[in-house]
Amino acid sequence: MRTEDPVDQMVAALDEGYSLILFPEGKRNTTEDAVLPFKTGLYHLASARPDIDLVPVWIANLSRIMPKGELIPLPLLCTVTFGAALHLNEGEAKADFLLRAASELRALAPAPA
Amino acid sequence: MSAPPSELLGFLVAVGTILVLATIAGQTMRWWLAPDRSNPIIEEINARIASWWAMVVLIGLALLAGRAGVVVLFAVCSFAALREFLSLTRTARADHWSLLLAFYAILPLQYLLVWHDWYGLYSIFIPVYAFLMLPVLSALRGGPERFLDRIAETQWAIMLAIYCASYVPALLNLHVPGYEGQNILLVAYLIFVVQFSDVMQFVWGKLVGRHRIAASISPSKTWEGFVGGVASASLAGMLLWWITPFTPIVSLLVSLLICLAGFAGGLVLSAIKRDRGVKDWGYVIPGHGGFIDRLDSVLFAAPIFLHILRYYWSVK
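Line order of the protein sequences matches chains U and B.
At position 97 of the first sequence (counting the first as 1) the number is 97 in the working numbering, and the numbers step up by one without a gap.
At position 256 of the second sequence (counting the first as 1) the number is 369 in the working numbering, and the numbers step up by one without a gap.
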C-alpha cells in the first residue's frame with residue numbers, strides 16, 4: 001500500500017528545483033507498437049505544475065541494446081531526439097492530453113528502416 | 114618487435130606532403146571563393162581534409178607500432194563498423210545472445226587467429242563456423258518471425274565488419290622472399306591506394322562528373338569520377354612500387370585491381386545505406402560520416418590483395 005502519493009513526491013522534487021525523467025509508458029515496451037498508452041501520472045503532474053516544461057525525448061534502439069530481462073547490453077548506436085516542450089492546455093481533458101503527449105513523442109521517432 | 118622498415122618513414126613523409134598540399138588547396142579555395150564559409154562543398158572538403166590529418170596520424174602511429182598496432186587498430190575498426198552496421202539492421206530480441214557473441218567472442222577470436230597466423234582456421238572460422246552456430250542460438254531463443262532476414266543481416270555484418278577487415282592485419286603474416294620484415298608496407302600500400310582512389314573519385318566526380326553509374330544507389334558516383342579516380346590511384350600505386358615486392362608495371366596492375374574492388378565495396382555499401390534510408394553510417398568522422406563510410410572500399414579490397422600476394426608471391 002502506498003504511504004505517499006508518487007505525484008506529490010514528484011511535485012516536491014520539482015519544487016526543490018530538480019529535473020525529472022519520466023517514463024510515462026510505465027513499463028518496457030515489448031510490443032510492435034511504437035509507443036504504449038501513457039499512464040495518468042504525467043497528466044496529474046502537468047495539472048499540479050502547469051508551468052513546468054514537459055520535453056518529449058525519443059531514445060532510439062534502446063530495446064535492442066538492452067531488451068527487457070537481458071543482463072549484458074549490446075554496444076549498438078543509440079540516438080536521443082528531443083522535441084519541443086509541451087504544456088497542459090487550459091481545460092484539456094486527461095485522455096486528450098495523454099494522447100497528445102504520446103503522439104508528440106511518436107513524432108520524434110526516426111522513419112522506420 | 115622489430116624496427117619499422119626505413120621505407121615507412123619515406124612513405125609517411127610523402128603522405129604528409131600530400132596532406133599539406135591538400136590543406137593549402139582547401140584553405141585557398143575557401144579564401145578565394147567563399148571566405149564567409151558559405152559554400153557547403155568547400156566546407157565539406159575542408160572538414161574531410163581535417164579528418165584525414167587525424168586518420169593519417171592514427172594509422173601512421175599504428176604502422177610505426179608494427180604488428181600489435183595494426184592488429185589493435187583494425188580490431189577497433191571492426192568493433193566500430195559492426196556497431197554501425199548492426200545498428201541499422203532489424204534483429205529481434207531472440208538474436209540478443211548471438212549478437213553478443215559476435216561482438217564479444219567472434220571478433221576477438223578472429224583477431225587472435227590472425228595474430229597467431231592460423232590461416233587454415235581464420236579463413237573459414239566466420240564463413241563456416243560463425244555462420245552455422247549463430248542462427249542456432251537465435252533459434253533456441255525462439256521467435257521465427259523474419260528469421261532468414263535476421264540471420265542474413267547479421268551474417269553480412271560479421272562478414273564485412275570482422276572477416277574482411279581482419280584481412281588487413283593478416284597481410285603481416287605473409288612470407289614474401291626478399292621482402293622479409295617489410296610486410297607493414299603492404300598494409301600502408303593497400304590503405305593508401307584504396308583511400309586515394311576514393312578521394313580522387315570524389316575530386317574527379319566533383320570536377321567533371323556528369324554521367325551517374327547507378328543514380329538510384331549513389332548520386333555522387335559518376336563514370337568520370339570512377340575512371341579518373343581509379344586511373345589516378347593506380348598511377349599513384351605504380352609510383353609506390355618501391356614499398357612493395359612488385360615491379361612498377363605489376364604495381365600498376367595490382368593497384369588497378371584493388372581500386373576496382375574498392376569501388377565495388379563503396380557501391381555495395383551505398384546500396385545498403387540507401388535501403389536503410391541513411392546517408393552515412395555514423396557521425397564519428399567529421400565530413401566523412403561513420404567508420405564504414407571510410408572502410409567500405411578497404412573491406413572489399415583487402416581479401417583480394419591478400420590472396421593475390423599469397424598465391425603469386427608468398428611462400429606458404
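I should point out that these hints are in silico values taken from the structure, not numbers from a laboratory.
Check before you lean on any hint, since a few could be wrong.
Partner residues aside, some chain U positions facing chain B, computed with beta carbon under 10 Å [claimed, not checked]:
1) 61
2) 64
3) 70
4) 72
5) 76
6) 77
As the structure is a prediction and not an experimental result, all values here were calculated from the model.
The beta-carbon is built from N, C-alpha and C at its ideal position, and this holds for glycine as well.
Hint-by-hint comparison with the structure:
For residue 61(U), the suggested interface contact is upheld, since its CB lies about 6 Å from the closest CB of chain B, less than 10 Å. At a threshold of 10 Å, the smallest CB-CB gap from residue 64(U) to chain B is about 7 Å, leaving the interface hint in force. A hinted interface residue such as residue 70(U) counts as satisfied when its beta carbon comes closer than 10 Å to some beta carbon of chain B; here the least separation is about 5 Å, so the hint holds. For residue 72(U), the shortest C-beta to C-beta distance to chain B is roughly 6 Å, which falls under 10 Å, so the interface hint holds.
Interface hint status for residue 76(U): upheld, as the beta-carbon distance to the closest one in chain B is roughly 5 Å, under 10 Å. For residue 77(U), the interface hint holds, the least distance from its beta-carbon to any beta-carbon of chain B being 4 Å, beneath 10 Å.
No hint from the list above goes unmet by this structure.
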